[in-house]
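2 protein chains.
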Amino acid sequence: MKMANAVVYAISDSFEETAAAVAKAAAAQFPGNDIIIDRAHCVKDRMAIDIIIEATKHLNSLLIIDMLQKDLKDYLIHRAMENNIAYFDIMEQAVGTLSNIVNQKPNLVPEATYKLNEEYFDRMEAIDFAVKYDDCKDPRAIKKADLVLIGISRTSKTPLSIYLATKNIKVANIPLVPEVVPPRELFEIPRDRIFGLITSKQKLNTIRMERLKAHGLNDEANYASFERIDYELKYADQIMKDIGCVILNVADKAIEETASTILQILKEVNASEKIRLQF
Amino acid sequence: MKMANAVVYAISDSFEETAAAVAKAAAAQFPGNDIIIDRAHCVKDRMAIDIIIEATKHLNSLLIIDMLQKDLKDYLIHRAMENNIAYFDIMEQAVGTLSNIVNQKPNLVPEATYKLNEEYFDRMEAIDFAVKYDDCKDPRAIKKADLVLIGISRTSKTPLSIYLATKNIKVANIPLVPEVVPPRELFEIPRDRIFGLITSKQKLNTIRMERLKAHGLNDEANYASFERIDYELKYADQIMKDIGCVILNVADKAIEETASTILQILKEVNASEKIRLQF
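Protein chains in written order, with my numbering: chain R, 359 to 637; chain Y, 359 to 637.
If we strip away everything but chain R, and leave its shape as in the complex, we get (with noise of 0.2 Å):
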């Protein structure tokens, strides 16, 4: 087994998880190396801090340190120091920047960001909104919902809705299946709130190949042929267009990064504070 070249360890006094956010963004630059991305969460006491440098002191390491409190902190970069470990705060500058321009001491709570409020409330609603109408449960759904995904089996229209919920848009998603006729809601509402999803022929056989595996339902191998496929992407091209809506092709694509695209085109054409404030 190849030893790794480095251990970056990712260290915050919450849950937050920027500075692991930053560990794997950095570690993504360097391919080819067999870099450790450990972390530690709600670090509360300098017993924490000590197994930390115990196990990082030996090692290729690089701290990150999201961390507000500030004796906590001074003691991590003390015994960082003191084993000539690399370390890095991430929140440092930002908030000593940002003290200068609002002319005021920070709190430096690191309770400051998670407070349980409306805002919070109304992403658990729409996390719950998503589950509760996934798939068409209830067609009714497309006239309460912010938005409205549609598109064929496998083309990612579940996690979209979920990652959309997390940033409080209610979203319903309907699957169009050639056989079965779509609900009569997705003509009545603005098509601008209608996104259809569509990907391509080899990375749907390869997801639907993979999901009948996964099942053991090699007798609904029709599923993940490229003839039906074809007639899918077909027909949903067809619905598309007679609804009018943005289509946008997934292939490729994270689902953040679609999920992006489709907020910046509801920036655009939707003046909405809702859809503003998701910025």
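Any given hint might turn out to be false.
Which copy? The list can't say, so a pair holds if one copy fits it or any two copies do.
[Claimed, not checked] Subject to a maximum C-alpha distance of 20 Å in a straight line, what follows is the list of computed EDC-like cross-link-like pairs (lysine to aspartate or glutamate):
id, residue 1, residue 2
1, Lys415, Asp447
2, Lys561, Glu483
3, Lys525, Asp550
4, Lys525, Glu615
5, Lys402, Glu615
6, Lys382, Asp447
7, Lys611, Asp480
8, Lys611, Glu476
9, Lys402, Glu614
10, Lys402, Asp610
11, Lys525, Asp486
12, Lys611, Glu483
13, Lys571, Glu477
14, Lys525, Glu614
15, Lys561, Asp480
Rather than coming from a laboratory, the hints here were simulated on the basis of the structure. It should be emphasised that the depicted structure is a prediction, and the values quoted were computed from it without experimental measurement.
Given chain R, put chain Y in place with the hints provided.
Just chain Y, lined up with the frame of chain R:
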């Protein structure tokens, strides 16, 4: 209307949320100020940068930059300096230090972290699983799940399941209702895969009242009464003790915090590689 004291602008050439997370966390340290947080994702050209500079140059602004495309970033920094706009590059120091540690130049490709790999498809499957088996739609899910959440109505089972799914964990959630016998599968799986969620009576009352209001269900007001809540919580407590599972109080906890606690416990009791990798 009070004028905003400051604008924090999170700028990324990918669809990453890291710069926005730093912006939010920094702004949260200065309560009482009216700090606008704005963001631009997928900034791909100089025109997009010029628009940002125009929008911020006459304000008290801080640019938080998460960009890897060197030419574009250089242009942005040049324009920021020219207009005396404060800026902070969140990736530079992490990438630079790691470059020294692994003795290799960085790739500087923003897409480096967003491959549609196996982990990504697993995550999509986990989200599908959480949605499909939400609210005990099929008790067979209990045996297929990586972990099972139990609790009475409005203890955040669904959003927590979804959040854990985004960490590649397959979660089934089972509502506890005094009038319904819990599925026998709950007593047939290892108890360390089950987590019981409870919360405070006050919190439940508030959340359930909100829900009744949102659904116009005044005739079901018993749902939010303290007597009913007390009865349900005692029932749930008995079931959780019978099972012998970990019980977590989610009152005043954000979903991310409860999820972090669950993952930490699983990591300790379970050396499984899968759970390990979520950290």
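Verification of the hints:
{"no.": "1", "hint": "Lys415 <-> Asp447", "in the structure": "within (18 Å within a copy, 27 Å between copies)"}
{"no.": "2", "hint": "Lys561 <-> Glu483", "in the structure": "between (33 Å within a copy, 16 Å between copies)"}
{"no.": "3", "hint": "Lys525 <-> Asp550", "in the structure": "within (19 Å within a copy, 32 Å between copies)"}
{"no.": "4", "hint": "Lys525 <-> Glu615", "in the structure": "both (14 Å within a copy, 18 Å between copies)"}
{"no.": "5", "hint": "Lys402 <-> Glu615", "in the structure": "between (35 Å within a copy, 14 Å between copies)"}
{"no.": "6", "hint": "Lys382 <-> Asp447", "in the structure": "both (15 Å within a copy, 16 Å between copies)"}
{"no.": "7", "hint": "Lys611 <-> Asp480", "in the structure": "between (27 Å within a copy, 16 Å between copies)"}
{"no.": "8", "hint": "Lys611 <-> Glu476", "in the structure": "between (32 Å within a copy, 14 Å between copies)"}
{"no.": "9", "hint": "Lys402 <-> Glu614", "in the structure": "between (32 Å within a copy, 17 Å between copies)"}
{"no.": "10", "hint": "Lys402 <-> Asp610", "in the structure": "between (40 Å within a copy, 18 Å between copies)"}
{"no.": "11", "hint": "Lys525 <-> Asp486", "in the structure": "both (13 Å within a copy, 18 Å between copies)"}
{"no.": "12", "hint": "Lys611 <-> Glu483", "in the structure": "between (27 Å within a copy, 16 Å between copies)"}
{"no.": "13", "hint": "Lys571 <-> Glu477", "in the structure": "between (41 Å within a copy, 17 Å between copies)"}
{"no.": "14", "hint": "Lys525 <-> Glu614", "in the structure": "both (11 Å within a copy, 14 Å between copies)"}
{"no.": "15", "hint": "Lys561 <-> Asp480", "in the structure": "between (35 Å within a copy, 15 Å between copies)"}
Of the hints listed earlier, there is not a single one the structure fails to meet.
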